[in-house]
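This is what each chain is made of:
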Amino acid sequence: MPEEKKLFKVTIDNITVEVEPGTTILNAARKIGGEVAPPAMCYYSKLQGSGGKCRTCLVEVAAGSTADPRPMPKLVASCRTNVMDGMVVKNITSEKVLDARAGVVEFLLINHPLDCPICDQAGECHLQDLSYEHGKEGTRYDFKRRTFEKHTLGPYIQLHMTRCILCYRCVFTADQLTEKRVHGVLDRGDHAEIATYIEKSLDNDFIGNVIDVCPVGALTDKTFRFKNRVWFTKPVDAHRNCSKCCGRTQLWLRGDEVLRVTARKDEWGEIQNTPEGKTGWICNECRFEKKHLSDWTIEGPSLINRHSVIAQGHYVGVQKPREVFSKLMHGQKPKLLMDIHTVSEVNKPNIDLSALPGPATSEVFDSKE
Amino acid sequence: MSKKLLLEKAHVEGIRTYDVYRREGGYRSVEKALKTMSPDQITEEVKKSGLRGRGGAGFPTGLKWSFLAKPAGVPRYLVCNSDESEPGTFKDRYLMEFIPHLLVEGLIVSSFALGSNRTFIYIRGEYAWIVDILEQAIEEAKANGWLGKNILGSGFDCEIYVQRGAGAYICGEETALIESLEGKRGNPRIKPPFPAVKGVWDSPTVVNNVETIAAVVPIINIGAEEYLKIGVGKSTGTKLISACGNINKPGVYEIDMTISVEEFIYSDEYCGGIPNGKKLKACIPGGSSVPILPTNLLLKTAKGETRYMNYESLSDGGFATGSMMGSGGFIVFDEDQCVVRHTLTLARFYRHESCGQCSPCREGTGWMEKILKNIEYGKGKMSDIDLLWDIQRKIEGNTICPLGDAAAWPVAAAIRHFRDEFEWHVNNPDECQKRNYGLAHYADPRPLAVPA
Ligand code: SF4
Ligand code: FES
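Chains as they are written, first to last, in my numbering: chain A, 1 to 369; chain B, 1 to 452.
Pulled out of the complex, with its shape left as it was, chain A reads as follows (with noise of 0.2 Å):
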């Protein structure tokens, strides 16, 4: 019989979970899921030595251990603090905690644009899911806010360094994913920006993923870039023969023009493991060249949770109202359809507007043919 590990024992908001030694809060909380779960700014699971920055995930221990039932003094960053065995830790059912977050919100906020209605990120942005569920209303700062110079980052991905939070997700990336790193953060403080040192293009042919990585619109790609709202395009699973990474793939489609083409996304937000438990990065080859539908293989739409502005746009099994117009014009199929008949005695015996539906109300929608 293999030896059987000893698990730890914690409860976080009155929930208790066992996990392994060496787990981290925010994991383990992940494992309760749902609002347990401490937002996640800049930890990401699949990049070694991310998280700690943002401070969105603090966390009040209210006991270290059973051996060491002592509070921790501050708020700890719970993507980075190991669990013990016997830890009591209180996220949401903790006063500080929640203080603190909007206290965070609030200075991620400040010096960002709020210009989600030209953002690409628009509809999958974990800022405005973050402001919307922890953040308040209105805002108390009252500054010109902070802007930066665009830098030009070569032909797929634009940099708008004034969205940036500064989460180092795609400095990681670039390290631990790329034989060169040539992009990371200059100067520090609040005028700290991600940039490349001499105007130089990111090309490697995993650089891409910076841009899934992002939680922001501060990296996005240039051969989407105000193509189409996210929520108004359609994401399907697919996948095709890569001899650079593994081909799985989320296309973002507008009828059969494949608009975009990223990584896939788990509920966190993260990119997904392959079935082989490795890390579904994509190549650049696959994200900026593959654009035609016949590069892949469709495998369904992609399941987006029913949370996200993007899965407002049904498209299996739905319901469309019935269609009038040949029936009444006898076949033709109208460009243009106006009510002339008081002026104009064309046609007028032949067709019956009255037969047409009036504006199409939700009954329309659901009453099943």
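If you're looking for bench data, these hints aren't it; they were derived computationally from the structure. Don't take every hint at face value.
For each label pair, taking beta carbons as the anchor points, the in silico distance ranges come out as [said to hold, decoys possible]:
no., chain 1, residue 1, chain 2, residue 2, range
1, B, Gly-115, A, Lys-31, 27 to 33 Å
2, B, Gly-223, A, Glu-35, 57 to 63 Å
3, A, Arg-225, B, Ala-440, 54 to 60 Å
4, B, Arg-419, A, Asp-142, 18 to 24 Å
5, A, Lys-144, B, Pro-192, 36 to 42 Å
6, B, Pro-192, A, Leu-7, 17 to 23 Å
7, A, Glu-35, B, Asn-428, 44 to 50 Å
8, A, Thr-66, B, Asn-428, 57 to 63 Å
9, B, Gly-73, A, Ser-302, 31 to 37 Å
10, B, Val-74, A, Glu-179, 28 to 34 Å
11, B, Lys-234, A, Asp-85, 58 to 64 Å
12, B, Val-74, A, Asp-68, 23 to 29 Å
13, A, Lys-31, B, Gly-223, 52 to 58 Å
14, B, Gly-167, A, Asp-68, 24 to 30 Å
Listed next, the in silico DSSO-like pairs over lysine-lysine satisfying Cα-Cα at most 30 Å (straight line) [stated by the list, open to error]:
no., chain 1, residue 1, chain 2, residue 2
15, B, Lys-434, B, Lys-381
16, B, Lys-381, A, Lys-5
17, A, Lys-150, B, Lys-381
18, A, Lys-74, B, Lys-370
19, B, Lys-35, A, Lys-74
20, A, Lys-150, B, Lys-373
21, A, Lys-278, A, Lys-234
22, B, Lys-184, B, Lys-47
23, B, Lys-234, B, Lys-249
24, B, Lys-198, A, Lys-278
25, B, Lys-48, B, Lys-249
26, A, Lys-144, B, Lys-303
27, B, Lys-229, B, Lys-184
28, B, Lys-142, A, Lys-144
29, A, Lys-291, A, Lys-150
30, B, Lys-370, B, Lys-303
31, B, Lys-229, B, Lys-3
32, B, Lys-70, B, Lys-3
33, B, Lys-191, A, Lys-9
34, B, Lys-249, B, Lys-70
35, A, Lys-144, B, Lys-379
36, B, Lys-381, A, Lys-136
37, A, Lys-244, A, Lys-222
38, A, Lys-180, B, Lys-191
39, A, Lys-136, B, Lys-373
40, B, Lys-370, A, Lys-150
All values derive from a computational prediction rather than experimental measurement. Heads up, the beta-carbon is just placed ideally off N, CA and C, and yes, glycines get one too.
Based on these hints, arrange chain B with the ligands on the given structure of chain A.
Coordinates of chain B with the ligands only, in the frame set by chain A:
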């Protein structure tokens, strides 16, 4: 005259050179330690002496040394933190500049105690000329057999290297210092792991302040027993204070922590009083990040007792009515100084020095600076004062490293004790551009807190 242990010989002609330093009794502690003591005995002695870190936090040095992990086959490192960048603090510079061999001597003994064969002095970039002084001292020590292989036949090898920083305040934080020493961007690390387990190049590391290391020399020379007798309570030995601001005699003083704050400011032996017959308004006793105190709380505690220049007395009353010994950067303000303006200056400093890794510090420091600027220039609102309070509260304790606290505390203390002055700025937007609030009631005796 209080007893001097560190600066006693600082003014002997030529003390910077090895020959004079040795003639005056230098390097005796190395002989004693390497020939008659074991590394553990030295650590024990330092523990017994009650020496507390002189960089600011005041953590017991011996205890810190005993935390050092000692896995077999892994090198250990001692790093001397010479990144002295806290505004108002310049004691380490004085020590390194005038009596560099004392630091080298302390480093050899401490390296022996900790088993560090390669020891580093990380010095702030602005102290460029001191690098030469230190390197010369190291050179001389080596030429005379105090460094190198098999020192004094003890089998202990040690080299000391000086590494210059590029002049960032944050690199005084020990893990940022380590990153910078490794040649990386000076970002504080996320702890744990602590340097005692994983420091320089992932090896166990102790980072100590210059003055702390120097203090090891007298501890070994006179023994912990004698060292303990100087000072009071948990404030043992002597402390270097760098005094500046509105005083007659700014400079570095070595005190034995038994004198009162009043004596330190007014006696001729130390600061020599306030120039031009002005009155004392406020003081930051331990470097820019510790709470500022108005005169009435500086000279007497909330209980009405005399405040002394030592760790316990300065922090008596907690942050509500006390301050901290900190790094010993003693900044004095006379009645003509404006607390709002001064707080703005500090806020600007911390904003500029924030590393930018964590959101509360990166964004919060800039925000505070902007609001303070408005208040100082007569554009503030009453609600700004509460907003400032709320911002500092949301930074404090929520950041990766202590810089967040260091930025929050001065703002908190200024509002706590000088709220009237902030309100006066808001209510008198024009007048505050022409004159300062002045002394007001800040030196009036405080009503004693009635025990419940
Ligand atoms: S660009 Fe995006 S991924 Fe990179 S640090 Fe900024 S927010 Fe994070
Ligand atoms: S997710 Fe833990 S600090 Fe950012």
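Hints, one by one, checked against the model:
1. B/Gly-115 to A/Lys-31: 27 to 33 Å: 42 Å, violated
2. B/Gly-223 to A/Glu-35: 57 to 63 Å: 60 Å, holds
3. A/Arg-225 to B/Ala-440: 54 to 60 Å: 59 Å, holds
4. B/Arg-419 to A/Asp-142: 18 to 24 Å: 22 Å, holds
5. A/Lys-144 to B/Pro-192: 36 to 42 Å: Hint holds: Cβ distance 39 Å, inside 36 to 42 Å.
6. B/Pro-192 to A/Leu-7: 17 to 23 Å: 21 Å, holds
7. A/Glu-35 to B/Asn-428: 44 to 50 Å: 49 Å, holds
8. A/Thr-66 to B/Asn-428: 57 to 63 Å: 59 Å, holds
9. B/Gly-73 to A/Ser-302: 31 to 37 Å: 51 Å, violated
10. B/Val-74 to A/Glu-179: 28 to 34 Å: With a Cβ separation near 29 Å, B/Val-74 and A/Glu-179 satisfy 28 to 34 Å, so the hint holds.
11. B/Lys-234 to A/Asp-85: 58 to 64 Å: Violated, since B/Lys-234 and A/Asp-85 (Cβ atoms, about 34 Å apart) do not stay within the stated range.
12. B/Val-74 to A/Asp-68: 23 to 29 Å: With Cβ atoms ~27 Å apart, the hint holds.
13. A/Lys-31 to B/Gly-223: 52 to 58 Å: 56 Å, holds
14. B/Gly-167 to A/Asp-68: 24 to 30 Å: 41 Å Cβ-Cβ, so the 24 to 30 Å window is violated.
15. B/Lys-434 to B/Lys-381: 19 Å, holds
16. B/Lys-381 to A/Lys-5: Answer violated: B/Lys-381 to A/Lys-5 is near 60 Å, above 30 Å.
17. A/Lys-150 to B/Lys-381: This hinted pair is violated, its Cα atoms lying about 35 Å apart.
18. A/Lys-74 to B/Lys-370: 27 Å, holds
19. B/Lys-35 to A/Lys-74: 45 Å, violated
20. A/Lys-150 to B/Lys-373: Answer holds: A/Lys-150 to B/Lys-373 is near 29 Å, not above 30 Å.
21. A/Lys-278 to A/Lys-234: Holds, because 26 Å separates the two Cα atoms, which is no more than 30 Å.
22. B/Lys-184 to B/Lys-47: 33 Å, violated
23. B/Lys-234 to B/Lys-249: Holds, because 29 Å separates the two Cα atoms, which is no more than 30 Å.
24. B/Lys-198 to A/Lys-278: 29 Å, holds
25. B/Lys-48 to B/Lys-249: 35 Å, violated
26. A/Lys-144 to B/Lys-303: The hint is violated at about 46 Å.
27. B/Lys-229 to B/Lys-184: The given pair, whose Cα atoms are some 43 Å apart, is violated under the 30 Å limit.
28. B/Lys-142 to A/Lys-144: 57 Å, violated
29. A/Lys-291 to A/Lys-150: Measuring from Cα to Cα gives roughly 27 Å; hence the hint holds.
30. B/Lys-370 to B/Lys-303: 37 Å, violated
31. B/Lys-229 to B/Lys-3: 11 Å, holds
32. B/Lys-70 to B/Lys-3: The hint is violated at about 37 Å.
33. B/Lys-191 to A/Lys-9: 23 Å, holds
34. B/Lys-249 to B/Lys-70: The given pair, whose Cα atoms are some 46 Å apart, is violated under the 30 Å limit.
35. A/Lys-144 to B/Lys-379: 15 Å, holds
36. B/Lys-381 to A/Lys-136: 22 Å, holds
37. A/Lys-244 to A/Lys-222: With Cα atoms ~21 Å apart, A/Lys-244 and A/Lys-222 stay inside 30 Å; holds.
38. A/Lys-180 to B/Lys-191: 27 Å, holds
39. A/Lys-136 to B/Lys-373: 25 Å, holds
40. B/Lys-370 to A/Lys-150: 25 Å, holds
Checked against the numbered hints given earlier, the structure breaks hints 1, 9, 11, 14, 16, 17, 19, 22, 25, 26, 27, 28, 30, 32, 34 and satisfies all the rest.
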